[in-house]
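Protein sequences, first through last, are from chains A and B. Every letter in the first sequence is one number past the one before it in this note's numbering, and letter 92, counting from 1, is 92. Every letter in the second sequence is one number past the one before it in this note's numbering, and letter 79, counting from 1, is 79.
Hints in this document: simulated from the structure, not taken from any laboratory. Remember, predicted model here, so these are calculated numbers, not experimental data. Do not take every clue at face value.
Covered stretches of chain B (in silico footprint by chain A; criterion: 3 or more residues with CB under 8 angstroms from a CB of chain A, positions within the stretch not fixed) [claimed, not checked]: (1) 6–16; (2) 29–35; (3) 138–144.
Quick reminder that beta carbons are idealized off the backbone N, C-alpha and C, glycines included.
There are 2 protein chains.
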Amino acid sequence: MELTFRDNVRPSDRDHVRRIVAASGFFTAAEIDVAVELVDERFAKGSPSGYEFVFAEQEGRVIGYACYGEIACTVASYDLYWIAVEPGLRRRGLGRQLMQLVESRIAQRGGRKVYAETSSRPLYDATREFYLRCGYRESARFPDFYAVGDAKVVYEKTLTRGC
Amino acid sequence: MELTFRDNVRPSDRDHVRRIVAASGFFTAAEIDVAVELVDERFAKGSPSGYEFVFAEQEGRVIGYACYGEIACTVASYDLYWIAVEPGLRRRGLGRQLMQLVESRIAQRGGRKVYAETSSRPLYDATREFYLRCGYRESARFPDFYAVGDAKVVYEKTLTRGC
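Could you put together the complete structure from these sequences and hints?
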């Protein structure tokens, strides 16, 4: 498949993000709204919003994206807020490519740490394995964070020069 | 000293928050701006902003405050974003009173977990001791989070009924 990647955000990305995040089956309605709000924030405020995006397109169709940004009041730490790929197109390394692109963008900006968080629920087993495969380590676990029995797991990666 | 506490936010609180947070000596210019932005957000959007406040007043003067809010996409987890007391009025249990008030408000809303974060730097030794005295436990530590050598330390407390 021929893939292209872009950083700029377009008004239509609102719908692409909603479609991809909703189709993933991993997120609640409230979480989907948050994903779309970040696109709106970026579109309204530009770079000062603190949200950066990478979109993956195949023949003009957005099939995956990632959203990241510098963590306020830190020197070089970044959060990976979202990474999602269209369900039918998983297991082809697209998530990995998006991740590598995000990390290289962060490294270019002088970033040193990347954090990503997800849930301890079995639904997110593949997500947690994905972070580990991408070289992240589990750096914290907060029991009962999302709900009773649903912990927040935080992953962390230290970027090296030229990463 | 006769203390009163209030939850409602007034336009003048912007300046009170800036004064108290700046005078504390604990926060950078960027962090002070964030503290004031949360007041603005609350004033502009009301409760949907997600930011709740408690102000402590003595003879009409705001001498301390706390800001907290439910964490998006969680069932009953809250962040304590800010807690600060005028420097000349510390060591009188005011921080503790603010904390207890915040925790009782959170418990009234059905909250179960409270999280607070601070830095590992020696400047924040008293802050970390304060959380421990208030019954919080250190639940995570992220090395080099704020900057190289400056870890983020996360404290957590599980509220019990009637707390």
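Inset, instruction - Would you list, in rising numerical order, the hints stated earlier that this structure does not obey? - result: 1
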